[in-house]
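4 protein chains.
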Amino acid sequence: MLSFKCDYSEGAHPLILEALVRTNLEQCDGYGEDRFTASARERIARACGLGPGGEVYLLGGGTQTNSTIIAALLAPYEGAVAVRSGHIAVHEAGAVEYTGHKVLTIEGRDGKMEADALEAFLASFQADPNKDHMVWPGLVYISFPTEYGTIYTRSELEALHSVASSYGIPLMLDGARLGYGLSSPECDFSLEDLKDLVDVFYIGGTKVGALCGEAVVFPKGAPKHFFTTVKQHGALFAKGRLLGIQFDTLFTDGLYLKISAHAIGMAGLLKEVFRSRGIPFFLESPTNQQFVILENERMKELSTQVGFDVWEAVDVTHTAVRFATSWATSREQIEQLAAIL
Amino acid sequence: MLSFKCDYSEGAHPLILEALVRTNLEQCDGYGEDRFTASARERIARACGLGPGGEVYLLGGGTQTNSTIIAALLAPYEGAVAVRSGHIAVHEAGAVEYTGHKVLTIEGRDGKMEADALEAFLASFQADPNKDHMVWPGLVYISFPTEYGTIYTRSELEALHSVASSYGIPLMLDGARLGYGLSSPECDFSLEDLKDLVDVFYIGGTKVGALCGEAVVFPKGAPKHFFTTVKQHGALFAKGRLLGIQFDTLFTDGLYLKISAHAIGMAGLLKEVFRSRGIPFFLESPTNQQFVILENERMKELSTQVGFDVWEAVDVTHTAVRFATSWATSREQIEQLAAIL
Amino acid sequence: MLSFKCDYSEGAHPLILEALVRTNLEQCDGYGEDRFTASARERIARACGLGPGGEVYLLGGGTQTNSTIIAALLAPYEGAVAVRSGHIAVHEAGAVEYTGHKVLTIEGRDGKMEADALEAFLASFQADPNKDHMVWPGLVYISFPTEYGTIYTRSELEALHSVASSYGIPLMLDGARLGYGLSSPECDFSLEDLKDLVDVFYIGGTKVGALCGEAVVFPKGAPKHFFTTVKQHGALFAKGRLLGIQFDTLFTDGLYLKISAHAIGMAGLLKEVFRSRGIPFFLESPTNQQFVILENERMKELSTQVGFDVWEAVDVTHTAVRFATSWATSREQIEQLAAIL
Amino acid sequence: MLSFKCDYSEGAHPLILEALVRTNLEQCDGYGEDRFTASARERIARACGLGPGGEVYLLGGGTQTNSTIIAALLAPYEGAVAVRSGHIAVHEAGAVEYTGHKVLTIEGRDGKMEADALEAFLASFQADPNKDHMVWPGLVYISFPTEYGTIYTRSELEALHSVASSYGIPLMLDGARLGYGLSSPECDFSLEDLKDLVDVFYIGGTKVGALCGEAVVFPKGAPKHFFTTVKQHGALFAKGRLLGIQFDTLFTDGLYLKISAHAIGMAGLLKEVFRSRGIPFFLESPTNQQFVILENERMKELSTQVGFDVWEAVDVTHTAVRFATSWATSREQIEQLAAIL
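These protein sequence lines map, in sequence, to chains S, F, E and V. Residues 1 to 341 (our numbering) make up the first sequence, in order. Residues 1 to 341 (our numbering) make up the second sequence, in order. Residues 1 to 341 (our numbering) make up the third sequence, in order. Residues 1 to 341 (our numbering) make up the fourth sequence, in order.
Take these hints with a grain of salt, some might be off.
No distinction is drawn between identical chains; accordingly, a pair holds when it is met within one copy or between any pair of copies.
[Claimed, not checked] Within a straight-line C-alpha distance of at most 20 Å, the following computed EDC-like cross-link-like pairs (lysine to aspartate or glutamate) qualify:
| no. | residue 1 | residue 2 |
| --- | --- | --- |
| 1 | Lys271 | Asp110 |
| 2 | Lys300 | Asp29 |
| 3 | Lys300 | Glu312 |
| 4 | Lys300 | Glu186 |
| 5 | Lys131 | Glu119 |
| 6 | Lys220 | Glu55 |
| 7 | Lys131 | Glu33 |
| 8 | Lys220 | Asp199 |
| 9 | Lys195 | Glu156 |
| 10 | Lys258 | Glu192 |
| 11 | Lys271 | Asp309 |
Just so you know, the hints here were simulated from the structure itself, not pulled from any lab data.
The shape of chain S in the complex, shown without the other chains (with noise of 0.2 Å):
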């Protein structure tokens, strides 16, 4: 059955699949080691305008790289700031919680954290005479693009680094699907321009064209003995070639712009097709996540034609539902879905 249920129904890119054929019998050195882990990690770097000091480390999947990077820039007193929607308050089983630490949550708009509601959590904490009977706030967590498919301003990050910053406190952007956001059209910012916005990023390969894995980038160098974090974490994949090879088919070429580009593309297709036929959106979204209104009895009865992801109740007679588009949608898809409509 065709489906929107998410970036993830596919494979992984044609060209991705090539270059692990064409690799395979190639011997490595595990755990990273290899020549493609290197040249991934290089042309990443490259990517992303890194300074001599900045460093890119592959890892396998979305939660796991989370909690390994926040349990890595954490002191053991100290939580990480999200908004209540944010992927690790919510939809990660307590990953962050299970290595000790709290995940403090502030009102969002859309999925997004606005640098006011920040200042004022941060400055409240400050200023309370209990804080040190309190969760310190050690790190600002953001998603982008988010959980609501919205995206940040290049002021708006600035705002929110400018902010984390006087208190000292990293901000951390998940980029599970950073392809996505950062081929917007309505996206005023680079790649390159992400190592000065924020303290920490990560390249989501797994919803943007790869099998597996993320890249993270620390613009500034990673914190010590990261590579033993990531074993401890159970993140170490022994055949590294597999998230360099992925990596650096993605990153040669500019392919990892080019395929989020097409699901952008494809998403402003998706958006006439609703708009066209009178269905109401449930927010703005930019980028690859569509988030629509359906009448309960409609959405039942789409269901049995049409794969789509149920987000949440809007009223007793309606819900918010996802449609997204990858890489991998083609034009037939979203013709078939028209038809269907």
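Given the coordinates of chain S, work out where chains F, E and V should sit on it, guided by the hints.
Same frame as chain S, now just chains F, E and V:
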């Protein structure tokens, strides 16, 4: 350069790559809800002779699998018993301790745990007047083959299982190299027997032909909400199909054991090469890892021509080194090594 | 300076000190194996009307007791549900998260959890298609009296207990100030009733006449090896007699409730003082913590003459502050305060 | 029954009880913000000869203190090195592992760590090609006196400190029985010297005259936000005065060392009793814990008349047992024992 450094030097068995390519654009649900994973779980259950309550889960890598299983099975006040050379005790960067559990070590012999030693340890614990101030042994961890390539006989496993059971403790078998153990001519039991010999085990994919992946088998059913525990440990793949397709392939037409047997055949040739050159063995291994003793100067010289793993110092002038074969080792590679030696 | 800052400003009830002095040189076994602890456990069990399976443990302080109980009762994938103002959610420095468990917060009213809100939360969790990616609610935590001095009625507790039980989740009551709640004229149940109203609770000593100590009551028996868990959490006193003697004294001749009733009597006088001076209450508290609203200038001035606790800003020019009475508060102190006001 | 089972059989030194009684109704702020704690910290700092950066914290008990210090000092990927018989390695119910850190054990001699063994361990770790897959040694833990009553000489401590420092690792001294070590005639350094011999240590109160309490000394300053870490570990007393008053008393007029010296004097008499009766010593201990070997039948018989601690089997018919003196041991008790023997 020719390498016998480890059994994860190459990519995946060609049939796995073919399957990945063939199924690439088929849309699947994420997180293991795909048809490949269902089929793989089904095939593995059948290959293991599981009864109706048995369950199979697919995870990404060894360290992750070990710490996830152990954390799921232990109560907070319990620890895992292992031999001093056990992988979880030494080379997993404290991943088990990171989940809050102590690894309780006892002496092993050639990497194996002996039933008598286990019995003595558990009995002395129970007899200790201070046991309530100590970490309770809550699980027995063994690897098969061990870190030294050795394997347990059926009766040895029965003895360990019987001791563990008599103390109400589950026996867990780390099968990162399970195929190489089962295919050894000295192994006197089969994959189907394992369900009765231990309480939980996993079938290593990473080192036996897959790009990544370990299949955890709970003959009597998984711990409650194990899916959520896997997610919490960052061990859940969004593209569960990656694991599903690999294990589905490995368990079609007996591929897993066929390629394991090939590696054992190559190890036989390797042994012959060492024996014929008068190179002494560090210990007698019936599986794909072979340990020989080299004079240090020779070791240094040899390392410029062929890859192997430095294991441990034997005396001031000699070192034990490891040569490993795998599903990918060819007769030509063995001959090349013979020529070099 | 006169202080109403908290209910732990003084040392211990004189009878406790007398008992410590009287028994000082009697030799006892350590770690709670002394006759005082045995007697205290026995007296508490009787006062609580425990049946044969019930168990009592003596720990040192509130945060320690909360995190030890919670960690002992939760599975690794579970979290504790609390209202946003719950002590474990805010003022325990992330002690619960440090044990690996999330605190799941819901909105409360005047510090209390409402059965409807709990039911809605648990129902929505069960209905959530993503619940396997989320932290499972595994325990419900309430405090009695709450952090705002409010208390639950019997029927409110019954409703909460019924909701929690219908989801198979234990209800835990943090009774750091239990005596002050039970002695409130508005409390419509007794200490003996608690065993049926909740699944585990503790009787606060630190804030009710002891130097330290909280008595945990498991009406249906403690989690397996709870002694070892207490030790693991660093909550086991070598000189268990210190806790034993204190609780033995508090539960002899009804001392615990007598001194609690005294504090409530003093709180009544305190309320009268505020009411007669036209100082508005922040909320209606029937226990020993009284919250009033002060104009900020007046607050500053007053703070030079009497100790109180700054609670939270009400508006730009007003602040809610807390005055607490205790077993040690005297009529003279209330009169002194009246004179100052 | 007369008991030499441990050094925490009695309550507190009478001067401590007097001080508790005398100050009982003085109102203090909680959580260590009282004048007694301030005074105690000041007196201890002076007794230890601390410079301006030095800091002192008061915690409740040994296990709690060990795990709090260790968790505060280690990075997540690090573990604590201890001898196999070290208290944290055996008898603290895995409290250190519960915080996520491995205890790395090496062989000791009579409970002591040897500088050569430490050097060998750290050197071999640094030389290990797999060290990035292993737990990094991040702290060296020793106890003084050890679990066997033995003590380090100044030069032994200097050697250990020098080795640890050369690897950039702090040396921590568990001084649960510190007074009994310092007061031993064989001790060749003083409390004032300790600040230069180790990086952090604590002065045991529980076993040396207090009801509870350990004073942690950081000669070069505590880890950042140590107060919050203490709270997070459940180790912060609401009535900090309980610890403050006790340590203030112990460090007034040299009481701590005076009562320690008394215990050592009594241990001298105890030794004399054993020696004169021809009862062999298990090892030579210069402190308050004396280990002798009893024939099993005699041990059983004796245990009906006097309390002692069963330590470990020596052979099939003999057992090592421990007799401990303390600040509270009287000449009469020793004479009673002599009469029994």
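Results of checking the hints against the structure:
no.: 1; hint: Lys271 with Asp110; verdict: within (18 Å within a copy, 45 Å between copies)
no.: 2; hint: Lys300 with Asp29; verdict: between (51 Å within a copy, 18 Å between copies)
no.: 3; hint: Lys300 with Glu312; verdict: within (14 Å within a copy, 48 Å between copies)
no.: 4; hint: Lys300 with Glu186; verdict: neither (33 Å within a copy, 51 Å between copies)
no.: 5; hint: Lys131 with Glu119; verdict: within (16 Å within a copy, 32 Å between copies)
no.: 6; hint: Lys220 with Glu55; verdict: within (7 Å within a copy, 33 Å between copies)
no.: 7; hint: Lys131 with Glu33; verdict: between (44 Å within a copy, 15 Å between copies)
no.: 8; hint: Lys220 with Asp199; verdict: within (8 Å within a copy, 31 Å between copies)
no.: 9; hint: Lys195 with Glu156; verdict: within (15 Å within a copy, 50 Å between copies)
no.: 10; hint: Lys258 with Glu192; verdict: within (16 Å within a copy, 48 Å between copies)
no.: 11; hint: Lys271 with Asp309; verdict: within (16 Å within a copy, 55 Å between copies)
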